[in-house]
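S.K.: Chains as they are written, first to last, in this note's numbering: chain A, 204 to 499; chain B, 204 to 499.
Bear in mind the hints are in silico, worked out from the structure with no lab data behind them.
It is possible that part of the hints are untrue.
All copies of an identical chain are treated as equivalent in the list; a pair is satisfied when it fits inside any one copy or across any two copies.
When the alpha-carbon atoms are kept at most 30 Å apart in a straight line, the in silico DSS-like pairs for lysine-lysine are as follows [what the hints assert, rightly or not]:
1) Lys207 - Lys282
2) Lys489 - Lys211
3) Lys429 - Lys207
4) Lys226 - Lys207
5) Lys489 - Lys424
6) Lys211 - Lys250
7) Lys453 - Lys217
8) Lys282 - Lys424
9) Lys211 - Lys485
10) Lys424 - Lys494
11) Lys485 - Lys429
12) Lys485 - Lys426
Protein chains: 2
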Amino acid sequence: MSAKEGAKLFAAAKDGDFQAFAKLLTWLERASAEQALAIPELLQPEKAAFRLGITGPPGAGKSTIVGRLIGELRQRGVKVGVIAVDPSSPFSHGAILGDRIRYSEHALDQGVFIRSLGTRGSLGGLSSAAFLMARAFDACGFDLLLIETVGVGQTELDILHVADEVCVVLVPESGDSIQAMKAGLMEIADIFVVNKADRPGADGLAREIEAAIHDGESAKKIKVLKSVASEGQGIAELVDEVLSLQQSSKPLTNRSDSRRLREEAKALLRREWEREIDASLKGLKKPADLKSLVSK
Amino acid sequence: MSAKEGAKLFAAAKDGDFQAFAKLLTWLERASAEQALAIPELLQPEKAAFRLGITGPPGAGKSTIVGRLIGELRQRGVKVGVIAVDPSSPFSHGAILGDRIRYSEHALDQGVFIRSLGTRGSLGGLSSAAFLMARAFDACGFDLLLIETVGVGQTELDILHVADEVCVVLVPESGDSIQAMKAGLMEIADIFVVNKADRPGADGLAREIEAAIHDGESAKKIKVLKSVASEGQGIAELVDEVLSLQQSSKPLTNRSDSRRLREEAKALLRREWEREIDASLKGLKKPADLKSLVSK
Chain A
204 MSAKEGAKLF
214 AAAKDGDFQA
224 FAKLLTWLER
234 ASAEQALAIP
244 ELLQPEKAAF
254 RLGITGPPGA
264 GKSTIVGRLI
274 GELRQRGVKV
284 GVIAVDPSSP
294 FSHGAILGDR
304 IRYSEHALDQ
314 GVFIRSLGTR
324 GSLGGLSSAA
334 FLMARAFDAC
344 GFDLLLIETV
354 GVGQTELDIL
364 HVADEVCVVL
374 VPESGDSIQA
384 MKAGLMEIAD
394 IFVVNKADRP
404 GADGLAREIE
414 AAIHDGESAK
424 KIKVLKSVAS
434 EGQGIAELVD
444 EVLSLQQSSK
454 PLTNRSDSRR
464 LREEAKALLR
474 REWEREIDAS
484 LKGLKKPADL
494 KSLVSK
Chain B
204 MSAKEGAKLF
214 AAAKDGDFQA
224 FAKLLTWLER
234 ASAEQALAIP
244 ELLQPEKAAF
254 RLGITGPPGA
264 GKSTIVGRLI
274 GELRQRGVKV
284 GVIAVDPSSP
294 FSHGAILGDR
304 IRYSEHALDQ
314 GVFIRSLGTR
324 GSLGGLSSAA
334 FLMARAFDAC
344 GFDLLLIETV
354 GVGQTELDIL
364 HVADEVCVVL
374 VPESGDSIQA
384 MKAGLMEIAD
394 IFVVNKADRP
404 GADGLAREIE
414 AAIHDGESAK
424 KIKVLKSVAS
434 EGQGIAELVD
444 EVLSLQQSSK
454 PLTNRSDSRR
464 LREEAKALLR
474 REWEREIDAS
484 LKGLKKPADL
494 KSLVSK
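Produce the entire structure from the sequences given, and follow the hints as far as they go.
M.R.: And the structure:
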């Protein structure tokens, strides 16, 4: 794996070669940060994709919504990318939701690219890969990037640092789990979607969210939408809202938001650290060795 | 915060001063690994507590089970500690399940110590604090340490590296989420508990788990128990099983299992790394700065 290889893949991907783009993303997952950022256009793309995070509890219908969003966005001529983060077991190293079969209707469309990202047991690997891949979507001319991740667990939420805005998907019957999540998700949501809105309790949940938003100190205007994604209901309205958010975002090309830049740097450096640490732990045999290891 | 302060707190805690023990745990959360491991008995305790991880999806009744386990263990004269990991938002920095009011019946019992641990936005902080605190429970004469964590999310599961054995709690109606979790949780479970076993589907779930265990390649004997923790049903049987696991574990005092030792070292070093990294990112202003940061 060399910087040269990455540059070659990037050039082909930029020319519209989807196979090269797929290989580029894999290369970015494995390359060192130094190698990856040696491609100048990753740092300074001509334009940047608007990045929308999509999160919520398991079973809320995030993947269905993503599938429908792709369909609606394509109809409007938007070139759309997806990074779907699979919860994967740190123990089995196997992705649980590995098959993304429901997206397959878009497989032959050159205006859509979907990438599934497993965490593979590394805390830092997930975020750093997502940050670098998002830059590749920018540089290869995508208009919009959807980042789907389950809204439970800190690593999984951390990936939302990659996004410009976040859409939180909830369902009426989640009960306790919604209560638990709201505390965290309320802070990060720019849009709420009450999905499966044909079920009892949808209006109540929507009102509850509206009230919570109203109580919050945030000055930003947060929309609460309803959808039945499996039927395609509410998707056009959601796309309207997403495109309107994209319009009102400041120009994204030169992402200089320093807070986010720091998150990106941290993710990249953490991955480098994790790659180096294992070697230094090889000599560890007994508890007393811990002490010498942490002493400076 | 000094090493001297830690040594003083440790001495008092070892003499049975619960207030000092509480302060010691807070000190360990904040101290550097070097300071913490300067206390010799943390590295080489006279005896070690048997550490049981308790995990499962939100709403499975883990806290209820922990509360009941404490009651039953106390009746049998076991000195028991609890580290309860709160899912906390990396955004609001607030613990969602901060109040542990249901444990309050044990508040005045000197044979029980319960500590709630928030993640406070740090990926590495949680595990390292849990590892160090577990050593404090060892050194201060606890027989058994329960480590309660939600079984969703990688950071949350990572904390189970601290445990000797793991009890996975499931409920009949979890449906999809159980399916999703089994892939990861099957690998780490030493005991399964089907809680809320008075609800429909409990026997079916138990049979399903038995079948999955049977299909697995693992040679270890995994028990599947049923409980209605809110009524206290099944708790005595669970305690029997836990104490039997404790008996069959090899002597734990000198924890030299090198795989786990490496996990502990990694957790401690990661926390040190995270504490140092922010300073180095202060100068970060524009994307091009990323490049110089990752170049060696």
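S.K.: If a hint holds in the structure, say so; if it does not, say that too.
M.R.: Now the hints, each set against the structure:
1. In the homo-oligomer, the alpha carbons of lysine 207 and lysine 282 lie at most 30 Å apart inside one protomer (28 Å), although the nearest pairing across protomers, at 61 Å, exceeds that limit.
2. Within a single copy, lysine 489 and lysine 211 get their C-alpha atoms only as close as 47 Å, which misses the 30 Å cut-off; across copies the closest is 26 Å, which meets it.
3. When the C-alpha separation of lysine 429 and lysine 207 is checked against a cutoff of 30 Å, the pair qualifies neither within a copy, at 48 Å, nor between copies, at 58 Å.
4. Taking the closest pair of Cα atoms, lysine 226 and lysine 207 come within 30 Å of each other only inside a single copy of the chain (14 Å); across copies the shortest separation is 55 Å, beyond that limit.
5. For the identical chains of this complex, lysine 489 and lysine 424 are inter-copy neighbours only, at 28 Å across copies versus 56 Å inside a copy, given an alpha-carbon limit of 30 Å.
6. With identical chains, the CA atoms of lysine 211 and lysine 250 are at most 30 Å apart within one copy only, with a shortest distance of 20 Å there and 59 Å across copies.
7. When the C-alpha separation of lysine 453 and lysine 217 is checked against a cutoff of 30 Å, the pair qualifies only within one copy, where the shortest distance is 24 Å, while the shortest distance between copies is 58 Å.
8. Proximity of lysine 282 and lysine 424 under a CA criterion of 30 Å is satisfied intra-copy only: 27 Å inside one chain copy versus 52 Å between copies.
9. In this assembly of identical chains, the alpha carbons of lysine 211 and lysine 485 never lie at most 30 Å apart, being 36 Å within a copy and 34 Å across copies at closest.
10. Proximity of lysine 424 to lysine 494 under the C-alpha cut-off of 30 Å is found in neither arrangement, the shortest distances being 52 Å within a copy and 36 Å between copies.
11. Taking the closest pair of Cα atoms, lysine 485 and lysine 429 never come within 30 Å of each other, the shortest separation being 53 Å inside a single copy and 42 Å across copies.
12. In this homomeric assembly, lysine 485 and lysine 426 never come within 30 Å of each other (Cα to Cα): the closest approach is 52 Å inside a single copy and 34 Å across copies.
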